[in-house]
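Can you build the whole structure from these sequences, using the hints too?
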Amino acid sequence: MDQDLKTELSKHGIFATTFEELYNWGRKNSVWPLTFGLACCAIEMIATTMARYDLARFGAEVFRPSPRQADLMIVSGTVTKKMAPQVVRLYNQMPEPKYVIAMGACAISGGPFRDGYNVLKGIDRYIPVDVHIPGCPPRPEALIHAFMTLQEKISTQHLTGEARARHLKAELPSEFPVPEFGEHGLEPAQNDEIFHNPLKVLQG
Amino acid sequence: MVKNLPIAVPVEHPWATIVVLLAAAIVFGAIPLAMAWLWARFFSPAKPGLQKNATYECGLEAKGDAWIQLDVSYYLYAIVFLIFDVEAVFLLPFAAAFSGLSLAACLAMLVFLLLLVEGLIWACQKGVLSWG
Chain A
1 MDQDLKTELS KHGIFATTFE ELYNWGRKNS VWPLTFGLAC CAIEMIATTM
51 ARYDLARFGA EVFRPSPRQA DLMIVSGTVT KKMAPQVVRL YNQMPEPKYV
101 IAMGACAISG GPFRDGYNVL KGIDRYIPVD VHIPGCPPRP EALIHAFMTL
151 QEKISTQHLT GEARARHLKA ELPSEFPVPE FGEHGLEPAQ NDEIFHNPLK
201 VLQG
Chain B
1001 MVKNLPIAVP VEHPWATIVV LLAAAIVFGA IPLAMAWLWA RFFSPAKPGL
1051 QKNATYECGL EAKGDAWIQL DVSYYLYAIV FLIFDVEAVF LLPFAAAFSG
1101 LSLAACLAML VFLLLLVEGL IWACQKGVLS WG
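Those protein sequence lines, which keep their order, are chains A and B.
Here the first sequence stands for residues 1 to 204, numbered as in the working numbering.
Here the second sequence stands for residues 1001 to 1132, numbered as in the working numbering.
Take the hints with a grain of salt, since some may be wrong.
In silico DSS-like links for lysine-lysine, alpha-carbon gap of 25 Å or less [said to hold, decoys possible]: (1) A:K169 <-> B:K1047; (2) A:K153 <-> B:K1047; (3) B:K1052 <-> A:K82; (4) B:K1063 <-> A:K81; (5) A:K169 <-> A:K81; (6) B:K1052 <-> B:K1063; (7) A:K153 <-> A:K6; (8) A:K81 <-> B:K1052; (9) B:K1052 <-> A:K169; (10) A:K153 <-> A:K169; (11) B:K1063 <-> A:K82.
FYI, nobody ran anything at the bench for these hints, they're computed from the structure.
Nothing here was measured: the structure is a model prediction, and the numbers come from that model.
In structure tokens, the structure reads:
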């Protein structure tokens, strides 16, 4: 339905909606995150859920201790190479539709520990990230902003047609390969299907 | 009130309203479940996988066998611990009320302690306290 027509109708007290909008409205207001924290960003994540910042306002206060019941993975902190396989495996065990927020400099790029021999240079090397939050650590407001960004993304996802959401396409995988420990770190170093090294992209 | 219901129910029966309400309650609960099932059946493709269907959900892979036997010496160790745990519980009030106790009470406590010490000596001789 045309957006202008809808606005016009609502002025006269007639509210029109589509099934897609209704469905996404329900989805975006009941995103349950997975209970896990990796480093100092997790403290900010915990603060976000508490009374002062109150993530419950967005319907996301129900942190689930099992990946089977979670919709959202908040990667909050440094992902070490020891931890990366577990994070990917937990992501694989989450049911569709699932979303990922990479919280903080470490989770998006390795942050201040980027040059460390044991630090993964960003979780987006292995799993698709929906929202990146910069900061070290990001304040709870930043996490809330990321959460609202994710809600916007969910509300614009389509249920039918070619542009439908990823989880509705049967041919796209739900699991991503879990890296294994090799002689010099994790193998493979990244999932080439979802990660494109920005330096190599720039060089052509 | 019952006469106004649009559904044909035996109006004489006193439980007719409850039956109608029960049926309505079941339908009310079944509709969302049916909608969720239909949605999953026709629109949302199932994407099972080896890791998704794995039993454990802590991120780590299970290794080894769950059917292991615990060493029996642990059981003896636990029993001995339990006995002296109970002894400590009795000793505490004994120590707190020590100055006001009669001779008979002190003797009774001493007998209790000696019994346990005898048990400890026996357990020690059996080799319970040494991990072979």
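What are the numbers of the hints that this structure violates, sorted from low to high? 5
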